[in-house]
Structures are given as C-alpha cells and as structure tokens.
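Could you put the whole structure together from the sequences, leaning on the hints where they help?
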Amino acid sequence: MRLAVIGAGQAACTLIAELVRGDFAGTILVFNGEGTHPYQRPPLSKTPLEQSLALDKTRLLPAKLAEDPRIQWIDAAVQSITPETGEVRTASDGVTVDHIILATGTRAVRPEIDGLDPNMLHVMRTWDDRIRLETAMQHARHVAIVGAGFMAFELAASLSGNDRTIHILARGSRALPQVSAESALFLTARSQAIVLTDCSVSSYDRATSTLHTSQGPVTADCIIATVGTTPNVELLLAHGLADPDGVPVDPLMQTPHPRVSAIGEVCRHMHPSIGRTARIESISEANDTATTLAKRLLGTPTPFQAIPWFWSDQGEHKLQIAGLSERSDKATVLQADDRRHVVARHHNGRVTSIEAINAATEFMAARRLFEQGAIPLDPLLDSGSVMALLQSSKS
Amino acid sequence: MPHILFIDSNEAEIEAPFTSGDTLLHAAQHAGVEGILAECGGGCSCATCHVMLNTSWDGQLDPPSDQEADMLTFAVEPTPHSRLACQVILTDAHDGLRVQVAKRQY
Ligand SMILES: Cc1cc2nc3c(=O)[nH]c(=O)nc-3n(C[C@H](O)[C@H](O)[C@H](O)COP(=O)(O)OP(=O)(O)OC[C@H]3O[C@@H](n4cnc5c(N)ncnc54)[C@H](O)[C@@H]3O)c2cc1C
Ligand code: FES
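Which chain is which? The protein sequence lines are A and B, in order. Note that numbering that gives the first Met the number 0 gives residue 8 to position 9 of the first sequence, counting from 1, and the numbers run on in steps of one. Note that numbering that gives the first Met the number 0 gives residue 51 to position 52 of the second sequence, counting from 1, and the numbers run on in steps of one.
Since the hints were made in silico from the structure, they are not lab data. For every residue, glycine included, the Cβ atom is placed at its ideal position computed from N, Cα and C. Hints should not be assumed to be uniformly reliable.
With a straight-line cut-off of 30 Å between C-alpha atoms, the simulated DSBU-like cross-links for lysine-lysine are [as the list claims (entries may be wrong)]:
hint, chain 1, residue 1, chain 2, residue 2
1, B, Lys102, A, Lys393
2, B, Lys102, A, Lys56
3, B, Lys102, A, Lys294
4, B, Lys102, A, Lys63
So these bits of chain A aren't anywhere near chain B, every CB distance computed over 10 Å [unchecked claim]:
hint, residue
5, Leu52
6, Leu64
7, Val94
8, Asp97
9, Val122
10, Trp126
11, Arg140
12, Asn161
13, Pro247
14, Asn286
15, Pro302
16, Gly314
17, Thr360
18, Leu376
Here's what the structure looks like:
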C-alpha cells in the first residue's frame, strides 16, 4: 500500500511513528510544506523570546525514525489531489497513491488593520513566525497583542522583562473565554500584561506608533495577532469533502471518499466522551486522531474514543484541562489558594471538564475518571477534589 | 562528549551522547531509544516519558518540581527513582548516568 500524507506536523508525525512501530507494510510519502524538519508548535509561544529557540530541540520525529526506509520525504506543498485516481500533485510533480491522508492543520488568521503594513503584523504559528518575532523583540518596547486566548497570555509571559509594556486587547467582555470566568480571573491577575476588554482595533498610525482602539489609543511598536485560525481545507473543498470549518470524518478518520482520510486539527468528528461533533485544536487531538488512523491502516480498526485534554503554560503557571466544555457550561470552584486553582465545569449535573491550575494531580485524576465514564457532579462536590473521588471510585 | 546509558523498553543498552543543557528526553530521542512516547513533547502534561534513574545517582540530580512529582504519581508503576525524562536537564556532571525506560507508558 502506498500512502500520501499531506502535511508533516503533529498529527502526521504521530501517524508516521505509529505506522513504523506497528511494522506497516507499505510506503509512506510525506509532503512537507514547510522548509524545516518537522517541529513542535507549543514551545513557539512558551519559550522566552529573549532566548533563541533551537529548531533541533523541538524536533517532532527522532532522526532515526524519520530515516526509516518506508518513509519518503517530499519537500513541497501539495497543490491539488484527485481522490478518484489517487493522484497528488505539487507544483513540479505528480504521484499516484492508494490512500490520501490530509494532515494539513490550520493557519493563523491575519486581520487587516487600517494603516498597518501587513508585513509588520506578527502571528505565531510556524518556525518562521517565531524567528521574525525574536528579531522584532530586539527593538520592540511596546507590544500589543490583539486577541485574548491562551496564546496571547503565553506570548505575554514569554515577552515580559526588559521593561516592555504589553497590552492584550480582548474583543469580548473578558479574556480567556475558553475557560471559566474564575480560571480566567486567576490567570489574568497573574499576567504582566494590561488587558483591555470590549476592545476593537480601528487603525494604526505608524508615525506615532499608536494603535487606535475603541478603548482609546495604545502605544505599540510591535503588533501580534492571536485571533484564531482557519483550517487548511482547500485541497478537499473542490471535491465536496470539506467545508470552511474542516473535514468531516467518521470515527475511523475516514471521509465519505474511500481513498481519503483526515487527521489532526483540520478534521471534525464525533467525540463520544463529550457527546458531540467537534474540531479541536490541541496536541491530544492530533495524537489521538493519528493513532486511531494508524490502527485502521495496521488492520486493527478501533473507533476514536479518547478524552480531550489540553495544557497551556502562562509563565510559571500551568493550566491543564481534562474534558471539553461549552462556553455556557456552569463553573464551580473546587480548590483555590494563591497557587492552586481547580474549577469543575458542568452541565445538567455532569462534569464536562476540569480546569486545573498548578494542580496536576487533579488534572490527571480527571483524565482517569473520564476514561471510566461520565463524572457526576454531586459526588465530586461531596469529595471536594477529583483525586479524592478517583480514590473512592477505586476502593 | 558526555553520555547517558539508556536501557530501553526492549532491554537494549544504548549510549546516548548529550550536550550540557539538553533534557534527558532529547538525549534519548536523538539516540533512538525505544519506549518513550512523550506525547506532549516536554510539556510536563502527559507522563509518557517515564524513566527510572539508577539508584546510585540519588541525590546527585535536582529533585523533581511539584508539577513533575504530581505527574509522576500517575505514571505506570512509579518508583522512588522515577523521573519524567522531559524535565531532567543534563549537565556534564551527569556523564555516565544509567537510566531505565519504563516498560509501559500506559
Ligand atoms: C504557538 C502554538 C502553541 C500551541 N500550544 C499548545 C499547547 O500548549 N497545548 C496543546 O494541546 N496544543 C497547543 N497548540 C496546538 C497544537 O500545536 C496543534 O493543535 C497541533 O500542532 C495540530 O496538529 P496538526 O498536525 O493537525 O497540524 P500542524 O501541526 O499545524 O501541521 C500541519 C502541517 O501541514 C502543512 N500543510 C498545510 N497545507 C499543506 C499542503 N497543501 N501541502 C503540504 N503541507 C501542508 C502545514 O504547513 C503544517 O506544517 C499550539 C499551537 C501553536 C501554533
Ligand atoms: S513529554 Fe509529556 S510529560 Fe514529559
């Protein structure tokens, strides 16, 4: 069997590693659209920008694995595919394969800001983005981060020092809308950034280094946008196998076309643990969709059943989330002191996620409990901690 | 170049050279040591880079942080010598350290 893997990011590399470990009998053509060897994205926003990050230290595939004779690396972006024939085309070449795997991830949204040269706007998605920002930081004194999600606060922590002012501009009424208001408050209170809420950007004046916003002028000689991503679905759109919000796949990562599968944050599928279809941007999702597909390709198909989890380092504070909540889910604080902060999100008496800050045992206990099935809220509130509930469930 | 001696999940002994400042995880992956999954790539959030240090090295490494110690309680059958390979930063003083990779990461 000849496979074409399009993209060489987190999901693609986990798939390749699992196929090699599982003694896959076939050839894997990997199309790497970036000019570097595959690397991890999380350190891009977490490593202080004063330090130059070494590409070699963030390698995704150990060199030995990458050199496996079954793998053929093709350093080119794919321009089109033909599912009916299995043809995959780059600008200069075309190959025919038995199965096509889309692992193209997402790209950063680049908002247009009146008066701002698009070349001056930073985003953080790729190795090149990181190098550009490291260079810009040699001179930047006033940084404005547009968007107020995890990445904004990670970057703020990585930028602080050197007497820089850092503004985070939140469009909505609060920062970090992905977590409960309680967790968001804990984290924003510990960030060095000045957070402006209900803040939309109208224009930039280069002569005075001023960003004009609905909350007044903000001095900025460096502007970073962290306002979201767009899934890289273009190769499949023309074939009716994708829509602008991703590639729908079944629990074995198969699209409706028998020759095409999709993995990683470009795909959308049913998550049995949360009872709904979702496209999730996280390392766990990339790894778990990849291992699900690897099992299928190795002849032991097992439907996707993993529990979503996530982490984010905000300076010295580590946020870890087990499960996945809707923004409207309720929040109950389980533990709160100067350092540890644990929140249960819930809906209709069932826990949908645990947000643990500097509380790794609560996070891991929640993952174990979710693996055993639903977590009812009342017994958790009675136990006072996820760990205690896990221990009582064992005895 | 200083090196670490890994005994991987296949019981193979592998000499892994390293430079001061590398993590134990980086040294292992670079040398092709089997049995470390490292799902989170060093984020101290998965506990699938579990290794055990040779007992004679007790006290010669910085002890685990609270975060690492917490994560380790969820590793498969942790011992008092367990560490997360991604959290151990190597210096020249660690030349010759023997490290056993956990039999299972799940
Ligand atoms: C700065 C940053 C920090 C993050 N931190 C965390 C974190 O702390 N925790 C967490 O859980 N998640 C984190 N994430 C999210 C996580 O990195 C992603 O969810 C994960 O990388 C998704 O994997 P993927 O393989 O689907 O996509 P990617 O890793 O993005 O890989 C897709 C690859 O496909 C390539 N490609 C696209 N189109 C083509 C084409 N036509 N031809 C060839 N190649 C193509 C792209 O260039 C890219 O290299 C972070 C992301 C970023 C950007
Ligand atoms: S790699 Fe995940 S905890 Fe070490």
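Evaluation of the provided hints:
no. : hint                  : in the structure
1   : Lys102(B) - Lys393(A) : holds (24 Å)
2   : Lys102(B) - Lys56(A)  : holds (25 Å)
3   : Lys102(B) - Lys294(A) : holds (21 Å)
4   : Lys102(B) - Lys63(A)  : holds (21 Å)
5   : Leu52                 : holds (12 Å)
6   : Leu64                 : violated (7 Å)
7   : Val94                 : holds (29 Å)
8   : Asp97                 : holds (28 Å)
9   : Val122                : holds (21 Å)
10  : Trp126                : holds (15 Å)
11  : Arg140                : holds (29 Å)
12  : Asn161                : holds (22 Å)
13  : Pro247                : holds (25 Å)
14  : Asn286                : violated (6 Å)
15  : Pro302                : holds (18 Å)
16  : Gly314                : holds (13 Å)
17  : Thr360                : violated (5 Å)
18  : Leu376                : holds (23 Å)
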